[in-house]
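S.K.: Using the sequences plus the hints, can you model the full thing?
Same order as they appear, the protein sequences are chains X and Z. Each number in the working numbering corresponds to the 1-based position in the first sequence with 149 added. Each number in the working numbering corresponds to the 1-based position in the second sequence with 2 added.
Hint data in this document are derived by calculation from the structure and do not stem from the laboratory. Given the structure is predicted, the values throughout are model-derived calculations rather than measurements. It is possible that part of the hints are untrue.
For each label pair, taking beta carbons as the anchor points, the in silico distance ranges come out as [unchecked claim]: (1) Z/T373 <-> X/A159: 51 to 61 Å; (2) Z/T211 <-> X/G338: 29 to 39 Å; (3) X/G338 <-> Z/D142: 47 to 57 Å; (4) Z/D119 <-> X/A159: 48 to 58 Å; (5) X/A198 <-> Z/P176: 34 to 44 Å; (6) Z/T200 <-> X/W295: 25 to 35 Å; (7) X/W295 <-> Z/D323: 53 to 63 Å; (8) Z/H187 <-> X/L171: 36 to 46 Å; (9) Z/S363 <-> X/M218: 45 to 55 Å; (10) X/P326 <-> Z/S363: 30 to 40 Å; (11) Z/I388 <-> X/L461: 36 to 46 Å; (12) X/S422 <-> Z/D323: 43 to 53 Å; (13) X/R307 <-> Z/G312: 52 to 62 Å.
Here a beta-carbon is modelled for each residue, glycine too, at the ideal position from N, C-alpha and C.
Spelled out from the first residue to the last, the chains are:
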Amino acid sequence: MLGLLARRGAWSLLILFVVATLTFFLSRVVPADPAAFLAGQNASPEAVARIRAEYGLDRPLLSQYVAYMGGLLHGDFGRSIRTNRPVAEDLRAFLPATLELLIFSFALYLLASWFLAILAVRWRGGWVDGTIRVFTMLGSGIPVFWLGMALQFVFFYRLGWLPIGGRFPIRAIPPPPVTGFLLIDTLLGGNLHAFGQALAALLLPAAAIVINLLAVGTRMSRAALITEYARPYVRTARGKGAGPGRILYRHVLRNAIAPVLAATSIQFGYMISWVILVEVIFDWPGIGLYAYQSFEVFDYAPVVALAIVSTLVFLVISLGLDLLYPWLDPRMREATS
Amino acid sequence: MNRYRWCIVALGPLIGLAASGATPLRAAEPSTLVWAEAAEPATIDPAKVNVNQELTVARNVYDHLTNFELEHPDHLLPALALTWKRDGTDWTFTLRHGVTFQHGQPFTAADVKATIDRDLAIGQGQSYLVSDIKQVTVVDPYTVRITTQQPDVYLAANLSRIEIMSAADIAAHPKDHGEAYFTDHANGTGPYSFVSWTRGEQIILQRNTHWWGHFPDKPFDRVIDRFVTDAATRARGLEGGAYDLANFVPRDEALRIGHLPGFHLVEGNNLWAWPAIYLNNTLAPTSNIDFRDALVKVFDYDAMTQYYQGSSVTPRGPIPDWVPGSPEKDLAPIKQDIAAAKAALDKSGVKNPVMTCSVPSGFAEFAFAGTVLQASAAQIGITVKIEQLPFVQAIDAIKSNHSNCFILGNANLSPVDATKFLAAHYTTGGYYNTAHYDNPAFDKLVAQISSVTDPQQRYDMLKRASQMIIASHSIIWAARPKTDVPVPNHIGGYRIDPAEYINVRLWELYQK
Chain X
150 MLGLLARRGA
160 WSLLILFVVA
170 TLTFFLSRVV
180 PADPAAFLAG
190 QNASPEAVAR
200 IRAEYGLDRP
210 LLSQYVAYMG
220 GLLHGDFGRS
230 IRTNRPVAED
240 LRAFLPATLE
250 LLIFSFALYL
260 LASWFLAILA
270 VRWRGGWVDG
280 TIRVFTMLGS
290 GIPVFWLGMA
300 LQFVFFYRLG
310 WLPIGGRFPI
320 RAIPPPPVTG
330 FLLIDTLLGG
340 NLHAFGQALA
350 ALLLPAAAIV
360 INLLAVGTRM
370 SRAALITEYA
380 RPYVRTARGK
390 GAGPGRILYR
400 HVLRNAIAPV
410 LAATSIQFGY
420 MISWVILVEV
430 IFDWPGIGLY
440 AYQSFEVFDY
450 APVVALAIVS
460 TLVFLVISLG
470 LDLLYPWLDP
480 RMREATS
Chain Z
3 MNRYRWCIVA
13 LGPLIGLAAS
23 GATPLRAAEP
33 STLVWAEAAE
43 PATIDPAKVN
53 VNQELTVARN
63 VYDHLTNFEL
73 EHPDHLLPAL
83 ALTWKRDGTD
93 WTFTLRHGVT
103 FQHGQPFTAA
113 DVKATIDRDL
123 AIGQGQSYLV
133 SDIKQVTVVD
143 PYTVRITTQQ
153 PDVYLAANLS
163 RIEIMSAADI
173 AAHPKDHGEA
183 YFTDHANGTG
193 PYSFVSWTRG
203 EQIILQRNTH
213 WWGHFPDKPF
223 DRVIDRFVTD
233 AATRARGLEG
243 GAYDLANFVP
253 RDEALRIGHL
263 PGFHLVEGNN
273 LWAWPAIYLN
283 NTLAPTSNID
293 FRDALVKVFD
303 YDAMTQYYQG
313 SSVTPRGPIP
323 DWVPGSPEKD
333 LAPIKQDIAA
343 AKAALDKSGV
353 KNPVMTCSVP
363 SGFAEFAFAG
373 TVLQASAAQI
383 GITVKIEQLP
393 FVQAIDAIKS
403 NHSNCFILGN
413 ANLSPVDATK
423 FLAAHYTTGG
433 YYNTAHYDNP
443 AFDKLVAQIS
453 SVTDPQQRYD
463 MLKRASQMII
473 ASHSIIWAAR
483 PKTDVPVPNH
493 IGGYRIDPAE
503 YINVRLWELY
513 QK
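M.R.: Right under this line is the structure:
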């Protein structure tokens, strides 16, 4: 296990280095002058030059790269021209919102895809199976941004059930930040109503992300369940008098989850990429929205930092899922040992 | 069914909690106003604020020496200054007594001096409006003398855009002129005070009950300046009641929402051209003046008028007729003339012309104007390639001579002074002079206008400057639309400021 962790750690560092290097140079390939833009339309040339010097934009590209990578080793992601703050400080402010949305969406995705898959297998070939197939295929065919707007239209505008955006009702006062995760902070404050408000705010953006991924998740889970149901151990269990619930939860589900896990980490990668769109549409103050605003003005430091952080989140989740694999499947445990 | 009972048991309370937390559509607190802003400000430092979202806080938290009537921008009103007079290069302002900053310091002439000195030292934001200032002298605590490099008839009006800060605050943050501190701290004498800024979400302002000015009955005690990046979300949120007002709602949506029950439209002038198409004078084929002439003549202006559903005019020149001193009415109308365009193209001698146009993304009107240019130019055999790019990249493409044309919207922050706008857009080195128009005679003329005291002479000079730009065929003023803002019927007092992008004078708003 330690060997696996060391190998994955080394690979992760290499990947992060490559991502940082590529993003650094790619972001600067595009001709743009963020200093001139942010100094304002009528800024004096001296003011623009001062900003360029302050942010090191007047130095040769290689020198900027060396300085940036040197800073990274000390956890310094540089300074944002747009917010005039250290990028690390901005990330601390924006990351909890994104992580909360991602984790909630991921949990919702796992629950929904397995729930639908179980229903589809239970009534395999019938109208339930067909309805689920059509629903999930439609969901995967609809672009995330359009789906987000449609959800807003129905659940905010038409029905008035859920907020249009943001993490908390606009006119209400959010709980004092402790962890930055509103679901946790509201519970820590013992405020169940506020917890409900935070949960309600999560539902639409999470749904926009999840519905789009459900087709793949449900189809994979359904196929895995069908494969497992066809195995001899299920016949044996039935012969021994085990009920359908026991067969499903004690035997089939556990065996079916393992092969789906690898693909699940890829699905998580999609979630990260869609977070930018969803955060913009739902006014969600996370790193996706931060990234969008930074891209708009070619604010280089946040762009590189966000690529690094997104990659890191993806690597951590992938590693976590890989570690779950042998835990769920004894055969893998034996192979690993 | 028993098998799924656990699901219901587990999810039931969660769904119940979410349902209990669902937001009601209408405001729970009637004295709170939610203003949906198109973006988060980069700074609220009055010396650096430059774009709409930054001006929202500055305009409402700080006061200015002067104010002006929105319907008659050349009629100045007292604000922190009660009276003013000009004598040659000297302006003397008599200041209001008994005004205090929100943090408690009394307002005096020293604050005016410290503010203007700081603005000029930083050289960003709106400082270009007062860049002629040579010296600020404190005559006594309530009298300040401002000396300009040459007589400047527009100074008092332009000071209506300069936010006055506290000298004590400025002195307390000497490092980098306090740029880091004032990025997210504000202390003015204005109608609203700054409370908090939650990054990525909102800024909260509180009504300053000690303000020297007058609030209408039932003003808003608390204002949430909410950052809502997506235009469709702003529109839907306004329509659904999540926001009370919103800026930059897409035009078709604004017109639709404004006609819904419970809303009304507020219409006004603030746009000088929206959009304007700048033609690069230094890159072939648009470096050829006859070729540019052909483009100006072939452009389908009627298509733009139809796009704006009749709520726009085709500009005759750079300065709208509703701007005091505008020569617009004495300029010839500009309209499509395909035969004349063909003749101009023949005269240019350019064969099989192909040109590139950089269009900043995110503005439907700009994209439409680009398409109109493309279709119009095709009628006389000119191929226009459109490239939609983020704003910074698009403007860099033309400024670095990689593109033939650039599309931009025009507005002016000064209520009466057109020369600062002309300087930014047409003089050599101006940031928005993306046509690379280079005419020393024009530069000299524009620089002289503000020093001329005779209004008729100034009018003639503005007319001459406008004619020079028109004759250069450096720009296609595609349309000059009115601005329409949908306002819920429960809000009164909203007006469009002609010297502003779409913004809000919070102190004029009230609940109906």
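S.K.: Confirm or reject each hint.
M.R.: Each hint, compared with the structure:
1. Z/T373 <-> X/A159: 51 to 61 Å: 52 Å, holds
2. Z/T211 <-> X/G338: 29 to 39 Å: 31 Å, holds
3. X/G338 <-> Z/D142: 47 to 57 Å: Holds - the Cβ-Cβ distance for X/G338 and Z/D142, about 54 Å, lies within 47 to 57 Å.
4. Z/D119 <-> X/A159: 48 to 58 Å: The hinted range 48 to 58 Å holds for Z/D119 and X/A159, with Cβ atoms some 57 Å apart.
5. X/A198 <-> Z/P176: 34 to 44 Å: 22 Å, violated
6. Z/T200 <-> X/W295: 25 to 35 Å: About 29 Å separates the Cβ atoms of Z/T200 and X/W295, which means 25 to 35 Å holds.
7. X/W295 <-> Z/D323: 53 to 63 Å: Violated: the Cβ-Cβ distance is about 42 Å, outside 53 to 63 Å.
8. Z/H187 <-> X/L171: 36 to 46 Å: 38 Å, holds
9. Z/S363 <-> X/M218: 45 to 55 Å: 31 Å, violated
10. X/P326 <-> Z/S363: 30 to 40 Å: Roughly 35 Å apart at Cβ, these two residues keep to the hinted range, so it holds.
11. Z/I388 <-> X/L461: 36 to 46 Å: For Z/I388 and X/L461 the Cβ distance comes to about 38 Å; the hint holds.
12. X/S422 <-> Z/D323: 43 to 53 Å: Holds: the Cβ-Cβ distance is about 50 Å, inside 43 to 53 Å.
13. X/R307 <-> Z/G312: 52 to 62 Å: About 31 Å separates the Cβ atoms of X/R307 and Z/G312, which means 52 to 62 Å is violated.
The structure fails hints 5, 7, 9, 13 (numbered hints given earlier, in ascending order).
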